[in-house]
Amino acid sequence: MFTAAAESLLRQAREIQAEELKKFCSRVCQLLQKEDLGPDALDALRRLFLIVSATKYNRRLEKTCVDLLQTTLCSPSCPEPLQLLCAAVLREMSPSDSLSLSWEHVQNTRQLGLLASVLLAQGDQKLVRSVGQRVLKVLESRQPEGPSLRHLLPVMSKVASLAPDTLHEDQTSALNKRLVDWLRYASVQQGVAHSSGGFFSTPRARQPGPVTEVDGAVATDFFTVLSTGQHFTEDQWLNVQAFSMLRAWLLHSGPGGPRTPAADDRSELEGSTLSVLSAASTASHLLPPQERLREKAFEYCQRLIEQSNRRALRKADSDLQKACLVEAVLVLDVLCRQDPSFLYRTLSCLRALHARLCGDPACVRALLPIARFFLTHGEAAAVGAEAVYQHLFTRLPSDHFHSPMLAFEFIQFCRDSLPLFGRNLGILRMSFPNLFKFLAWNSPPLTSEFVALLPVLLDAGTAVETLHLLLDLPCLTAALDLHLRSSQAASERPLWDVSLRTPGCLEALRDPQFQGLFQHLLRAKASGTPERLAPLHQLLQPLASCARVAQCAEAVPTLLQAFFSAVTQFADGALASQLALLLLERSDSLYQVPGYEARVHRVLSAQFLALCKLHPSLVVERAKELLEFVGSAGGLRGSGRVLTSVVWAIGEYLSVSWDRRCTVEQINKFFEALEALLFEVTQLRPSVTLPKCPPQVITALMTTLTKLASRSQDLIPRVSLFLSKMRTLAQSTAASSVHSEEDAGAICTRATELLNLLKMPSVAQFVLTPSGEVSEPRYHRDTNTALPLALRTVSRLVEREAGLLPG
Amino acid sequence: MVHAFLIHTLRAPKAEEGLCRVLYSCFFGAENSPDDPRPRGPERDRLLRKEQILATARQVESMWQLQQQACGRPGMDLQSQSSDEPVPLQEAPCGAFRLAAGDPFQEPRTVVWLAVLSLGFTLVLDAHENLLLAEGTLRLLARLLLDHLRLLVPGANFLLRADRIEGILTRFLPHGQLLFLNDQFVQGLEKEFSAAWPR
Chain A
1 MFTAAAESLL RQAREIQAEE LKKFCSRVCQ LLQKEDLGPD ALDALRRLFL IVSATKYNRR
61 LEKTCVDLLQ TTLCSPSCPE PLQLLCAAVL REMSPSDSLS LSWEHVQNTR QLGLLASVLL
121 AQGDQKLVRS VGQRVLKVLE SRQPEGPSLR HLLPVMSKVA SLAPDTLHED QTSALNKRLV
181 DWLRYASVQQ GVAHSSGGFF STPRARQPGP VTEVDGAVAT DFFTVLSTGQ HFTEDQWLNV
241 QAFSMLRAWL LHSGPGGPRT PAADDRSELE GSTLSVLSAA STASHLLPPQ ERLREKAFEY
301 CQRLIEQSNR RALRKADSDL QKACLVEAVL VLDVLCRQDP SFLYRTLSCL RALHARLCGD
361 PACVRALLPI ARFFLTHGEA AAVGAEAVYQ HLFTRLPSDH FHSPMLAFEF IQFCRDSLPL
421 FGRNLGILRM SFPNLFKFLA WNSPPLTSEF VALLPVLLDA GTAVETLHLL LDLPCLTAAL
481 DLHLRSSQAA SERPLWDVSL RTPGCLEALR DPQFQGLFQH LLRAKASGTP ERLAPLHQLL
541 QPLASCARVA QCAEAVPTLL QAFFSAVTQF ADGALASQLA LLLLERSDSL YQVPGYEARV
601 HRVLSAQFLA LCKLHPSLVV ERAKELLEFV GSAGGLRGSG RVLTSVVWAI GEYLSVSWDR
661 RCTVEQINKF FEALEALLFE VTQLRPSVTL PKCPPQVITA LMTTLTKLAS RSQDLIPRVS
721 LFLSKMRTLA QSTAASSVHS EEDAGAICTR ATELLNLLKM PSVAQFVLTP SGEVSEPRYH
781 RDTNTALPLA LRTVSRLVER EAGLLPG
Chain B
808 MVHAFLIHTL RAPKAEEGLC RVLYSCFFGA ENSPDDPRPR GPERDRLLRK EQILATARQV
868 ESMWQLQQQA CGRPGMDLQS QSSDEPVPLQ EAPCGAFRLA AGDPFQEPRT VVWLAVLSLG
928 FTLVLDAHEN LLLAEGTLRL LARLLLDHLR LLVPGANFLL RADRIEGILT RFLPHGQLLF
988 LNDQFVQGLE KEFSAAWPR
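Residue numbers (the working numbering), protein chains in the order written: chain A, 1 to 807; chain B, 808 to 1006.
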């Protein structure tokens, strides 16, 4: 446990001064130079490791000390703990220029492994390659009583992943041959116990029996990682390690190097259907080493799949069986990608496996690699794997959304397999309600994944429904919590939020009136018809204070941004229009989580403008709905952001230049509605129903009214009158009780600017309703048309005029 | 393959004081960046590695805190575990998340973490690893470290027992290789380890 003592120890280690460190180093040197490396040396090295590792800044150790560490590491008689610490200290100091390890004479493979770990940490490709070459030399030696190779095989794997070009082709072949031996021909007899008696051990010691399976039965075939026994032989150890590194090794040494893209494979596979159907496997001893390794790897995977069907006696073995299943499928996938002739045999085997696993909830994570296999290879072998995808997307998320590891793996699977979906992309898209369950329950780790996934999930058909569900995501979290409370058995560990009790909600769950809405929210597939979930929002209100719901609510604004940036790429006018109205409608119909509405409004207001910019005619097309929105007081909820955006959009886009269908009557109607609204919000008498109006709304309203007046010029006198009233109001002492001085000042300034503009109607029109060319740079560089110039001229003229008039 | 392993502290959610401290970290090999035009000294590389580790530890801590809050266990009494009870590792909170390329590691990585009381055990993996195996390995490592370092006995200071941590890692996660070890293999390795490090 991390106590205060440990904290102070760390601080001491960090704060040790250079002088003190020098003294300590010389003490370490002294201790290491002794013949007999006792507990003092161990203790000193432990402290040295802490000193070096505790700080992120470099520690300068004396050269003699570093050299001595290296010598100790290479010395044959040093006890293991000390060797490990020397290696650890050297590794902590990496990358380092002062290493001069001479390892040519090191025979002990364990030490060689430790040295390799130090050298690999230097980040130098040349060193990595030389490590690889050295280790390979030892691995290729075929002495029967030779050094224990199990310390070196992992080094080889690491080298292959850091520097794939280390080995020449014949070296790879040689290693392939040895891997085949270890994988397929390891001993099936148990190992002998290492008796400490050694020389005097009885020759009549009991012969070890054969290895067993995980369920206790005698092993029926060759040795694998799922074979057990009391003790293990060297080649059985190497079997375990060889399988552990198999997939990475196949990928790195396969054709085209690491991770051949799936697209290339598919075209190859499609052309080779004839060879796929041939079930005969070539006599394996005639094959070259790489093909032979693949063949043996295939046999190994098949055996693992069979072995994982057994009922393990120990829980740890049962967990291992599942991990082996996943690995076996992954290796089979690599094999089939590298050599399509495996496909025929693999497909039948995996289909059977899938059927077996579907009924077993404990093996649910193993279904993902199987699905991926079918996505990669199913089409080439003319197999309809729809059943696999259906099960995956409809059953899995509904039953297992609460498992964080499965959720992460599932979404990873979706993201990584995107290019492979092809015709099946529709299934993925239609299952978005189920996918969102993972997101609603586990939002912190999955938000960034979904931001990447959303652009692919969206299409014109599902955009509207997706937006509704995104806005209702916290409500979905609450509904899932309630669902778990009502459906989990009492004996199981509770998965829901235990700090909250909600008896009322559980009662209401049984109410048929709400059941339909719950079913809709918890649906597995896109339904095509959005439902209004406002009654559910109220019902689930007690759950809104749940931490999980709050976390989901925090993620929604990010997801909304991602949604809109994706949708605006393909949305046509009709969709943009539909979405814009949806925004307005939903802006006052959100699940009430503290802070949620404000954050969502910020995004919605910006996105409403973006939609209008995408499709400016929507203001004219949807004039009726916009008028209704403006007329209702609902727009003033919260900070009035959405209302400000709507008002601004009206000002910008309600003109003939954006849509020829805009009529003077429309402009007048909007004008009247906006004028009425402005009148209402600027009442100084406090009103119960109308909340305090933010100054942004007032200035936006004033600006929009002016813009509309500049287009329908008989409205100018009305506006001018109103504006001067506003100005007087803002300056009056009564206003200071409602608005701060800054706000009142802003309102006053804006009113003045607008009034000035209106005094010259043609300029007003030019400024407030510029033609489409305003975005051209030329418009602003040309001295005749430059906007700032025009404004300055107007102001000066008006001021001069004002100066001429009395009062 | 595993790129790094770390042990770090976990503060209770909403804890104001204290920092997330990395108590032990180990890199298996180094990330290469031949394309980086800036001249990189070894000191800068080391600093970068340490910072990457710290950034990862902080992210794990916040993921764990969020998970704890979501489960309704915000103010977990961390000192309540007595040293005699076996730690229920099967139910220890765990999770996984992805780190994008460049943030903070050069390549995209997956992080798998396990929280036992106030300690976090974290593996930084390559992007496409067998996560079932990684999770199993992490639980195994946590169990071994808790047992052999007696982390739950108050006062026992594992900061000064790095040789044991190294001993466990060389056997159970050699050079970052995740191993498919069945129970008997684990027992065999554990016996070997206990022989070299008597309690």
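Hints listed in this document are in silico derivations from the structure and should not be mistaken for laboratory results. Being a predicted model, the structure only gives us computed values, none of them experimental. Note that the Cβ used here is the ideal one computed from N, Cα and C, for glycine as well. Each hint should be verified, as a subset may be incorrect.
[Claimed, not checked] Chain A residues, not near chain B, derived (Cβ > 12 angstroms throughout):
#1 6
#2 26
#3 157
#4 232
#5 325
#6 361
#7 526
#8 558
#9 760
[Unchecked claim] The list that follows gives simulated cross-link-like pairs (lysine-lysine, DSS-like), each with its CA atoms no further than 27 angstroms apart:
#10 998/B / 322/A
#11 63/A / 126/A
#12 998/B / 126/A
#13 998/B / 23/A
#14 56/A / 998/B
#15 857/B / 22/A
#16 998/B / 315/A
#17 624/A / 669/A
#18 137/A / 126/A
#19 22/A / 34/A
#20 63/A / 857/B
[As the list claims (entries may be wrong)] Footprint (simulated), chain B over chain A, 3 or more residues, beta carbon under 8 angstroms:
#21 55–62
#22 111–121
#23 501–508
#24 611–618
#25 652–663
Each hint tested on the structure:
no. : hint          : verdict
1   : 6             : violated (6 angstroms)
2   : 26            : holds (20 angstroms)
3   : 157           : violated (6 angstroms)
4   : 232           : violated (6 angstroms)
5   : 325           : violated (8 angstroms)
6   : 361           : holds (15 angstroms)
7   : 526           : holds (26 angstroms)
8   : 558           : holds (15 angstroms)
9   : 760           : holds (54 angstroms)
10  : 998/B / 322/A : holds (26 angstroms)
11  : 63/A / 126/A  : holds (24 angstroms)
12  : 998/B / 126/A : violated (37 angstroms)
13  : 998/B / 23/A  : violated (38 angstroms)
14  : 56/A / 998/B  : violated (35 angstroms)
15  : 857/B / 22/A  : holds (23 angstroms)
16  : 998/B / 315/A : holds (20 angstroms)
17  : 624/A / 669/A : holds (10 angstroms)
18  : 137/A / 126/A : holds (17 angstroms)
19  : 22/A / 34/A   : holds (19 angstroms)
20  : 63/A / 857/B  : holds (23 angstroms)
21  : 55–62         : holds (count 3)
22  : 111–121       : holds (count 6)
23  : 501–508       : violated (count 0)
24  : 611–618       : violated (count 0)
25  : 652–663       : violated (count 0)
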